[in-house]
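**Q** Okay, here's what each chain looks like letter by letter:
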Amino acid sequence: MYDNHYDPYGQPQGQQPPPQLFEDTSGQNYGYGNQAGYRGNNYGYPQGGGPPPSGGQGGNAQGGAGYPQYPGMPGPQIFQDPMVANMAMQYGQSLVGQGREYVDKKLEKYVSMTQLKYYFAVDTRYVMKKLQLLFFPFTHSDWSVRYNQEEPVQPRYEINAPDLYIPLMAVVTYILVAGLCLGLQERFSPDVLGMQASSAMVWLVLEIFLILATLYVTAISTNIKTFDLLAFSSYKYVGMNIALLAGIIDDLGYYLVLAYSSFSLVIFMFRTLRWQVQGGDGAMEAYSAGNKRRLYLLLFMSGLQPLMMWWLTRHLVVD
Amino acid sequence: MAFGIYSLLEAIVLSLNAVCILNEERFLSKLPGWGGSQVHGFGEEPGMKTQIFHFIRSVKTVMKYPLIPVNVFVIVFKLIFG
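Those protein sequence lines, which keep their order, are chains D and X. Once you know that position 193 of the first sequence is 193 in the UniProt record's numbering, the rest is easy, because the numbers rise by one and skip nothing. Once you know that position 73 of the second sequence is 73 in the UniProt record's numbering, the rest is easy, because the numbers rise by one and skip nothing.
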């Protein structure tokens, strides 16, 4: 039973206030009388929400604080004490830092986060030049990537390095443009967007599996990491977006833009990968059979791109 | 073509089943080149056939036992949910 002389809820006296769902740590019960025991005990103070409060226990018949006060223990209102509040906050922050470090360490084994950060270190100049290269790779002459062999290079400083920013933006734009195309043909509903997204993901994964399997079976040693492959496989989404936008206007426009962008993408991929697949330092390897295999692999990877581009946009542009 | 994540998972399970089903004594031993357990020296080029055989052997060794509960789970799942 609550004491009737002080009712914080403003309800008429005599009516029982609603049951306490949470501990009331508002400033009503603030007092300096509890300084004695807060040094060591406050992290284990009893949660008093469970048992119903008996009003006169321990002499703390304060309205609104509906939890039992154990004699000698500080009780939760010590957190209003600023020193205790500071200590608690610092402890909490150090816990958060430790927790984050632990999660990062565990995640590092599966998806290497530190490596991933390099791929997103881009700036505007790089993005503009890269997009220009994707559509007009004919005049660029130097495709080598100058970097220290151990650590990956930031795309900011090297125009030929792969990045993951453009592919990520391109994939998201593809999903939106697909929704736009479907909407223009009256075939849109919100779950179609999700299906497009997941099927784009699945085709990407399949393509990377295929390329990795080919790399393994033919036993070619390259410097290409998996994230590089992911980046290279997703550059085609840029061309697909432009082709789809052209396809909205006219079917002929779609085919023309698709043909041109797949052609330029093939040149781009071939030139970029030729440098990367052949040992990475630009020098031709000694044995000749490896070179033939590498050439075939290059042609295979580059030739796969237009096929995928056509396959993934075909169902969105219907005549 | 509408693929979801479930289709991909199903395809992976089915392909792994297909690799593990290949019978060792009736079929694989009869293949020329199967018994090449030692890679000849530290050759730069293991050759495509030996790579494929290595792959098949390692998939069978690793996935033979875990695939049994995975298959049971997929069968029960499809029985209940169609």
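Don't read these hints as lab results, they were simulated from the structure. What you are looking at is a predicted structure, and each value in this text was computed from that prediction instead of being measured. Check before you lean on any hint, since a few could be wrong.
Dumping the calculated DSS-like pairs for lysine-lysine here, alpha-carbon to alpha-carbon at most 30 Å [said to hold, decoys possible]: (1) X:K49 <-> X:K78; (2) X:K60 <-> X:K49; (3) X:K64 <-> D:K106; (4) X:K78 <-> X:K60; (5) D:K106 <-> X:K60; (6) D:K292 <-> D:K225; (7) X:K30 <-> X:K78; (8) D:K106 <-> D:K117; (9) D:K225 <-> D:K129; (10) X:K60 <-> D:K225; (11) D:K292 <-> D:K117; (12) X:K64 <-> X:K78; (13) D:K225 <-> X:K49; (14) X:K78 <-> D:K109; (15) X:K64 <-> D:K292; (16) D:K117 <-> D:K129; (17) D:K109 <-> X:K30.
**Q** Against the 30 Å threshold, does the CA-CA distance of K106 (chain D) and K60 (chain X) hold or violate the hint?
**A** This hinted pair holds, its Cα atoms lying about 29 Å apart.
**Q** Checking one constraint from the list: CA of K117 (chain D) to CA of K129 (chain D), max 30 Å. Satisfied?
**A** holds, 20 Å
**Q** What's the verdict on K109 (chain D) and K30 (chain X), does the C-alpha distance respect the 30 Å limit or exceed it?
**A** violated, 40 Å
**Q** Starting from K78 (chain X), check that the Cα of K60 (chain X) is at most 30 Å away, please.
**A** holds, 25 Å
**Q** Hint check: K106 (chain D) vs K117 (chain D), CA-CA at most 30 Å. Holds or violated?
**A** This hinted pair holds, its Cα atoms lying about 17 Å apart.
**Q** Under the criterion that the straight-line Cα-Cα distance not exceed 30 Å, is the pair K225 (chain D), K129 (chain D) satisfied?
**A** holds, 23 Å
**Q** Holds or violated: K64 (chain X) and K106 (chain D), Cα atoms, limit 30 Å.
**A** holds, 28 Å
**Q** Does the structure keep K60 (chain X) and K225 (chain D) at a Cα separation of 30 Å or less?
**A** With Cα atoms ~26 Å apart, K60 (chain X) and K225 (chain D) stay inside 30 Å; holds.
**Q** Given the hint that K60 (chain X) pairs with K49 (chain X), does the C-alpha gap stay at or below 30 Å?
**A** Holds, at about 17 Å.
**Q** Is K225 (chain D) close enough to K49 (chain X), meaning Cα to Cα at most 30 Å?
**A** Holds: K225 (chain D) and K49 (chain X) sit about 24 Å apart, inside 30 Å.
**Q** Hey, K292 (chain D) versus K117 (chain D), does the alpha-carbon distance stay inside 30 Å?
**A** violated, 35 Å
**Q** Does the structure keep K49 (chain X) and K78 (chain X) at a Cα separation of 30 Å or less?
**A** violated, 37 Å
Going through the hint list in order, the structure does not satisfy hints 1, 7, 11, 14, 15, 17.
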